[in-house]
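Taken in sequence, the protein lines are chains A and B.
With our numbering, letter number 344 in the first sequence gets 344, and the count goes up by one each step, no holes.
Position in the second sequence counted from 1, then plus 400, gives you our numbering.
Some hints here could point you the wrong way.
As the list claims (entries may be wrong) - Some but not every residue of chain B turned toward chain A, in silico, with C-beta under 10 Å:
id, residue
1, Ala447
2, Glu450
3, Ile457
4, Asn460
5, Met461
Said to hold, decoys possible - Beyond 12 Å from chain B on every Cβ pair, some chain A residues (computed):
id, residue
6, Thr21
7, Asp190
8, Thr274
9, Thr378
By construction, these hints were calculated from the structure, which means they are not laboratory data.
Every residue, glycine too, gets a C-beta built ideally from N, C-alpha and C.
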Amino acid sequence: MSDLFSKFDPLIEQRETLLRTGVTDPFNLVMEAVESPTVAICNGKRTILLGTYNYMGMTFDPDVVGAGKKALDEFGSGTTGSRVLNGTYVGHRAVEQALKDFYAMDHAMVFSTGYQANLGIISTIAGKDDYIILDIDSHASIYDGCALGNAQIVPFRHNDIEALEKRLKRVPEGAGKLVVLEGVYSMMGDVAPLKEMVAISKANGAMVLVDEAHSMGFIGEHGRGVAEAQGIIDDVDFIIGTFSKSVGTVGGFCASNHPKFEILRLVCRPYVFTASLPPSVVATAATSIRKLMDSADKRAHLWENSKRLHAGLRQLGFTLGTDEPQSAIIAVIMPDLEKGAAMWEALLHEGLYVNLARPPATPAGMTLLRCSLCALHTEEQVGEILGMFAAAGRATGCIS
Amino acid sequence: MSDRSQTLTKTVDLIEPFNKKGVAVTEATRFAQDLEWDSLTVLDFVANVEDEFDVLISMNMQAEIETVGQLVDALEKLKA
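Could you build the full structure based on these sequences and the hints that come with them?
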């Protein structure tokens, strides 16, 4: 039967072929219990979590959980309303204040997810005749924001400074220009040359938006991200971030020093036409963000974990996404989807969860086993993880 | 040679390094179906075209361009 679903046939076929080999469905895992930010029970088996984006391990922090419970008791389970109507409680203001303090910026606007933050900000500030120049490897939420605003979209080769500059110079005179970059690119775990790119963007009269989803809390002296680490955060017009990674809950935001920023609350559709975050969520986020300001020791330990895992996987003979560790993400490049799925399953049998990433999410059609470390992974756990990679890699023939 | 046929000749030259299947390129050749280019090949090719003609071809424009002839028409408009 042919209907509107016929366009999905190739994908259905690919999935069926993969599952016929008997491999566990890598996109249908259920966690039956979660012991801590680094351990869960999957298929009845104790499993080390190495693919959660829970970089700073805040999900079980007693202060964070306590704040959520208190807000649940005092304010109820949800707001049932938009931020601009009945959906702004003191907690929403408090988390926006926490963000302003965290980034030392004048304004912060909280969305219900990180996806909506990109969707809302990009589509609202860049309209029909404006130009958005963006890295080709940008996250789906960035592309969707571009499409929603109907702006002219001009991609450039990943992290290529010269390609960005050439395109900026060719934008028609008088057109509005927005450059969209990410601090850490989540597939390969590599960092952008923000210092050079932001300078070039400013020199060519463009506004700059940087998505720091994968660097917040971890990279930079105060955990403000790659823009802070490279010393140019004051030149960035908009920082986009999420609560669903280092902060440890759900939600998204934009921080900015733009003097007219507050008007966005009235004109940004993905902010206006959706319900606000539940009071418990904003309470956990605010508490977590304030704790992240003073987490230098955890940041240092997370760097140690990242360096150790990167060096260990290299030594075992795996091909990695970056020559040196640049973030808390380490991507192991697999030869193809079948081998990747087999390796993913072998690791799960060993008691390790990583993300299996495949096109179109990945660049250049690659299949990746994406590992994201947590500041609460102990030294012993990182050792265990390397042992599991060695065993699974040999069992599947990925390494000799 | 007219401007348009010069643009066509240059465009065909730029296609050649990416013409892995050795397709005989005409104005009717389609990038996706006939040349079977993936998104990364398209990015590299578009970058070369942009550099050659000193223009910007946004993704919005690319979505409207299926064939070599359509690309040449778009370039003629952009250069004007």
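Exercise for the section: Please write out, lowest number first, the hints stated earlier that are contradicted by the structure. Expected result: none
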